[in-house]
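Chains A and B, in that order, give the protein sequences. Residue numbers 1 to 178, in our numbering, belong to the letters of the first sequence in order. Residue numbers 1 to 168, in our numbering, belong to the letters of the second sequence in order.
Calculated directly from the structure, the hints in this document are not laboratory data. Since the model is a prediction, treat every value here as computed from it, not as a measurement. Check each hint, because a few of them may be wrong.
[Unchecked claim] Below, in silico cross-link-like pairs of lysine to aspartate or glutamate (DMTMM-like), each with a Cα-Cα straight-line distance of 25 Å or less:
{"id": "1", "chain 1": "B", "residue 1": "59", "chain 2": "A", "residue 2": "15"}
{"id": "2", "chain 1": "B", "residue 1": "93", "chain 2": "B", "residue 2": "25"}
{"id": "3", "chain 1": "B", "residue 1": "59", "chain 2": "A", "residue 2": "5"}
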Amino acid sequence: MIHPDLRQQARTAYEHSRLRLAGLHALPALFPLLVIWLSPHRTTAQLFGAVALFAVAVGLVWRGGAAARAVRPALSAGLLPLLLPLIVFQSFCGSGNCTTNCIAACTLAGAGAGAWIGLQSAHQRQRLEFGITGGILVVWTGALGCSALGAVELFAMALAFAAVAAPLAIAGPAVRRT
Amino acid sequence: MDEATRRQLSLWMSALAEGDRTAFDPMFDALWPFFRALARKWIGDPQEADDAAQQALLKVFERASEFEAGCEALPWLVAVVANECRTLRQRKKRRREEALDVDTGTTPESDFEAVLEVLGHLSTQDQIALRAAWFGEAAPGAPVTLRKRLQRATSRFRALWSSHHDPS
Numbered sequence: 001m002i003h004p005d006l007r008q009q010a011r012t013a014y015e016h017s018r019l020r021l022a023g024l025h026a027l028p029a030l031f032p033l034l035v036i037w038l039s040p041h042r043t044t045a046q047l048f049g050a051v052a053l054f055a056v057a058v059g060l061v062w063r064g065g066a067a068a069r070a071v072r073p074a075l076s077a078g079l080l081p082l083l084l085p086l087i088v089f090q091s092f093c094g095s096g097n098c099t100t101n102c103i104a105a106c107t108l109a110g111a112g113a114g115a116w117i118g119l120q121s122a123h124q125r126q127r128l129e130f131g132i133t134g135g136i137l138v139v140w141t142g143a144l145g146c147s148a149l150g151a152v153e154l155f156a157m158a159l160a161f162a163a164v165a166a167p168l169a170i171a172g173p174a175v176r177r178t
Numbered sequence: 001m002d003e004a005t006r007r008q009l010s011l012w013m014s015a016l017a018e019g020d021r022t023a024f025d026p027m028f029d030a031l032w033p034f035f036r037a038l039a040r041k042w043i044g045d046p047q048e049a050d051d052a053a054q055q056a057l058l059k060v061f062e063r064a065s066e067f068e069a070g071c072e073a074l075p076w077l078v079a080v081v082a083n084e085c086r087t088l089r090q091r092k093k094r095r096r097e098e099a100l101d102v103d104t105g106t107t108p109e110s111d112f113e114a115v116l117e118v119l120g121h122l123s124t125q126d127q128i129a130l131r132a133a134w135f136g137e138a139a140p141g142a143p144v145t146l147r148k149r150l151q152r153a154t155s156r157f158r159a160l161w162s163s164h165h166d167p168s
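Required output: the full structure, derived from the provided sequences and hints.
Shown next, in the form of structure tokens:
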């Protein structure tokens, strides 16, 4: 017998499967939360930021499109500005030169993540959506590490990211597939 | 199914895999009659075929996100329907076999004799295990051993029964 709500059932099955997939794909977003949790200098804002990052990643993958494709590379690239400043902070800040080293670490990490996302965007069909989503997620992930050091470090990381990612994404070859 | 429809199905599946919800309704409208026709061809009984088609349709949408964009969708879709039809047929066959269970006490006399006849072809150990379970006769051994022996004897009985009474 044909169920009268078959279309609705099929839609529910589809949405549930997308949500499952989203949870799975957003799992790397739990790593920043773990890092923040284990950090001795963690703040409540950082913890909230990490939880919100996971929720946003799930939402983006569930919604689909180029933004969903950007989630995994962005979370991977974001680990650099998340971890490098924290390592530098713990290694050098006891012996002076803290500000200089931390700004340098955030800038370098932002540039590295920018190169990664810029190159990835260049091979995408909807590179603008991919690049913007990727950029937001990288800066968000990186901010969880750099924001603990100061506003200047955070700004330096974001600026370095944009300065490297944008030209690489724009200069990439045109992708014909639609 | 013509080449254009095949290509369209692949495009819709790729769109669904990417999360494009606009492909849902056209995909549903194209798949339902196609699945129903396939299932009716393979199963025969319209009601059972509709059940199989329905299950297959739900499975396709459940797994649409796993579809690899750019691949040919038709072979995968047909495989899902075929699998559902096979599952339905196996379930039906199992139900038929379970109906033979003498524990229910509803088996007609002729069937009972047929059961005894098949039982006679099994090894003595299998016969003891099955008789203990079905007729409450005594059987030596620990309960765990008896349970395992009964499982093995039941599967051997089923296989033998199928070869005697249901060659298909």
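Verification of the hints:
| no. | hint | in the structure |
| --- | --- | --- |
| 1 | B:59 <-> A:15 | holds (12 Å) |
| 2 | B:93 <-> B:25 | violated (35 Å) |
| 3 | B:59 <-> A:5 | holds (15 Å) |
Violated hint: 2 only; the structure is consistent with all others.
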